[in-house]
Amino acid sequence: MELLVKLSEELLSILVILAAAMPYIAGYIGLILLTLFVSRLVKKLLTPKQDFGSLKTVTFGDESAVTSNFAASVVSVLLVLILWGAFTGSKILPSFLHAPGPFRGNAEFTYTAETGDGLRDEARVKLIVHGIGEDIILPDLELGDGFAKNDVMAVKAYRTKLLKWDKNDEENRKMGAKIVAINGKPIEQGVAVYLENLRIALTPKGTLNVEPRKGWQMEPIWLPAPEAVWGRLIEISTQGFKNFPLLEHLGFSLFRVVVGFFIGAMVGIPLGYAMGLSDWFRGWFDPIVEFMRPVPPLALIPLVIIWAGIGEVGKVILLFLAALWIMAIAARAGVSGVKISKVHAAYSLGASKWQIMRFVVFPNSLPEIFTGARVAMGVCWGTVVAAELVAAEKGAGMMIMVASKFQQTDIVILGIILIGIIGFGIDMLMRWVERVMVPWKGRG
Amino acid sequence: MSGLSIQNISMRFDLPNGECVQALKDVTLDLKAGELMSVLGPSGCGKTTLLNIVAGFLAPTQGEILLNGEKVTGPNAERGMVFQQGALFEWMNVRENVGFGPRMKGISTAQSREKVDHLLDVVGLRDFKDKAVYELSGGMQQRVALARCLANDPDVILMDEPLGALDALTREKMQSLVLKLWKETGKTIILITHSVEEALLLGERLLVMAPRPGRIHREYRLPFADLGVDADLRDIKKHVEYANRREEILEMIWNMEEEIMGRSEATV
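So the sequences go chain by chain: S and V.
Numbering-wise, the first sequence is residues 129 to 572 according to my numbering.
Numbering-wise, the second sequence is residues 110 to 377 according to my numbering.
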């Protein structure tokens, strides 16, 4: 019962987050529909209705009429880049596209202090809000008159700073002095004062918490600008990351995938063949394969690390296991899927068992095997990154894990992009190999 | 002793639920070399089982098959087979499919090339020799299947509804081709079909089988196949005798189907 309550609380908080995201999602969909409308309009104006697709009056539900629209893909990717740039204050975007940024520059306010005796005095605070790592010159301090003296302070953009306003005053907090107003607006604990670019609150100890306006842009530590990520790419591909060049990180990940997959296929395909051709082998290996197949390779990482350590052997064993079952099942399906009429035809054309294996069963199983190989490569790529996240000396996963520990968000994002590109490239390559090697796929 | 002899074949097998099926019972039949026999019957009469036994894919529970005096024990190149569809090898082009049999015997592609090309000319695929089989229409694919079977020069050709999946026009053309090949090559052919017209047109002999248990019901000797070698098949269909036979056999099969239906309704 308690568990149910806990789970429903979790569910509720997730739903609240989802609900909060709804307006943004709706806005995004609205944008898609708007661009759709614009593109339809442009198309109508530009091209006469002539090609076969445009002559169709029924396109809703017609699969052949719903192909990927290239223009939509371009707009979509551009939009992602523009949003990214807009909310990071990217320099490659014209500044009118930027979301409002954090406040930087000079500001000032006055505070009104009151002594325990009820005497009041005003003092002026000059402050400068600057970017992290920028050199600044503090404004000159003129103490002014009265018991409250003027102050100067520097605040980093996106940060807050406590102002001990009484450190140079003649009446301080220990003596019972306190602040009662900012720029004439009364202030008390829990009621902050909003100025044009500042938010000023009173802390329980009576100091002032000064928070410059943050704007809508993301701090680089959360999301770096596109050009920062690009700069990192240049930097680590020439200078390397953690003792190894970028290419070596990526190369090692790929090497593990290829070797693990290759060994997995070398074992898995014959295993699948044996299972497809002999009932004894099938009975023998079915329990093992059917049990191991649903175990996610990621769940094997701890055991593999215990047994084989974090070196190359452990990684290759893991990827071997990831590819093995997929390839065995694909090969088994390929063998079992041979139409009996093809085997009969080959027999009655005088083929021997071995010849049928070589000329009928083997080529007939290739489409299934290539499909399995594509799936296995995808799984292996995902698994190697995860394994490197856990422990590795080099590799794409290790790169983003280590970078995240040092808050190098630009490297994390760069790594994710590179991992995605490589994964996409692997899939494209496998598709191409499949097209070349088994052009008869699905046309039997 | 030349020819195919089917002697006293019976076939029964057990079902998982404990019942057993008598697919064939005491089928005896002799075919002289060069005869073309078509086999008709309602579904479940065991015609495909019989063909599979002759091909050697199934062992009968009783009786034996003799080809030229020798007992059949398994599939062999001397008994070629043409299937309804999907028995071509998609990973080979047309020429490689036709040359498959010779290649299995160890004859090199270069040596068999002339024969393969000739056969493809005969079946009318002169311009499609290097095409992939999945690029061909259904009728063309069956032409390839015929040529592939002939390339092996078998004694007997077993056809399991080879034209069943073709449209009516293609089917007529292919029927003429089968007759032409039969006459030119002099092969012994057993042709299983669902179409009474096809059985009448192509069969020198026509066997009607009955179901439960699968057995020979009646046999006819027909003149139409010989006529069809030279004449237009559509002219033959106008013969009074052809029409009479067609009605007779249709009614025969119709009655068998009715009987099966009645029997299964009674058990419900």
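Do not rely on the hints blindly, as some may be mistaken.
Claimed, not checked - Heads up, simulated DSS-like pairs for lysine-lysine below, C-alpha to C-alpha not over 25 Å straight-line:
# : chain 1 : residue 1 : chain 2 : residue 2
1 : V       : 224       : V       : 180
2 : V       : 240       : S       : 569
3 : S       : 569       : V       : 238
Stated by the list, open to error - Ranges between beta-carbon positions, derived for each pair:
#  : chain 1 : residue 1 : chain 2 : residue 2 : range
4  : S       : 420       : V       : 236       : 45 to 53 Å
5  : S       : 183       : V       : 240       : 48 to 56 Å
6  : V       : 125       : S       : 137       : 51 to 59 Å
7  : V       : 278       : S       : 171       : 54 to 62 Å
8  : V       : 125       : S       : 395       : 48 to 56 Å
9  : S       : 183       : V       : 130       : 35 to 43 Å
10 : S       : 465       : V       : 117       : 34 to 42 Å
11 : V       : 131       : S       : 414       : 53 to 61 Å
12 : S       : 414       : V       : 125       : 44 to 52 Å
What the hints assert, rightly or not - Which stretches of chain S does chain V cover? Using the computed rule of at least three CB atoms under 8 Å from a CB of chain V, they are:
#  : region
13 : 275-288
14 : 485-497
These are calculated hints, taken from the structure and not from any lab test.
C-beta: ideal position from N, C-alpha, C; glycine also.
Do the hints match the structure? See the list:
1. 224/V / 180/V: The hint is violated at about 30 Å.
2. 240/V / 569/S: 16 Å, holds
3. 569/S / 238/V: Measuring from Cα to Cα gives roughly 21 Å; hence the hint holds.
4. 420/S / 236/V: 45 to 53 Å: Roughly 52 Å apart at Cβ, these two residues keep to the hinted range, so it holds.
5. 183/S / 240/V: 48 to 56 Å: Between residue 183/S and residue 240/V, where Cβ atoms are some 31 Å apart, the hint is violated.
6. 125/V / 137/S: 51 to 59 Å: Given about 53 Å between the Cβ atoms, the range holds.
7. 278/V / 171/S: 54 to 62 Å: Given about 42 Å between the Cβ atoms, the range is violated.
8. 125/V / 395/S: 48 to 56 Å: With a Cβ separation near 35 Å, residue 125/V and residue 395/S fall outside 48 to 56 Å, so the hint is violated.
9. 183/S / 130/V: 35 to 43 Å: Once the Cβ atoms are compared, 56 Å apart, the range 35 to 43 Å for residue 130/V and residue 183/S is violated.
10. 465/S / 117/V: 34 to 42 Å: 38 Å, holds
11. 131/V / 414/S: 53 to 61 Å: Given a distance of about 35 Å, which is not inside 53 to 61 Å, the answer is violated.
12. 414/S / 125/V: 44 to 52 Å: Given a distance of about 20 Å, which is not inside 44 to 52 Å, the answer is violated.
13. 275-288: Answer violated; 0 residues pass the 8 Å Cβ test.
14. 485-497: holds (count 5)
Hints 1, 5, 7, 8, 9, 11, 12, 13 from the earlier list are contradicted by this structure; the remaining hints agree with it.
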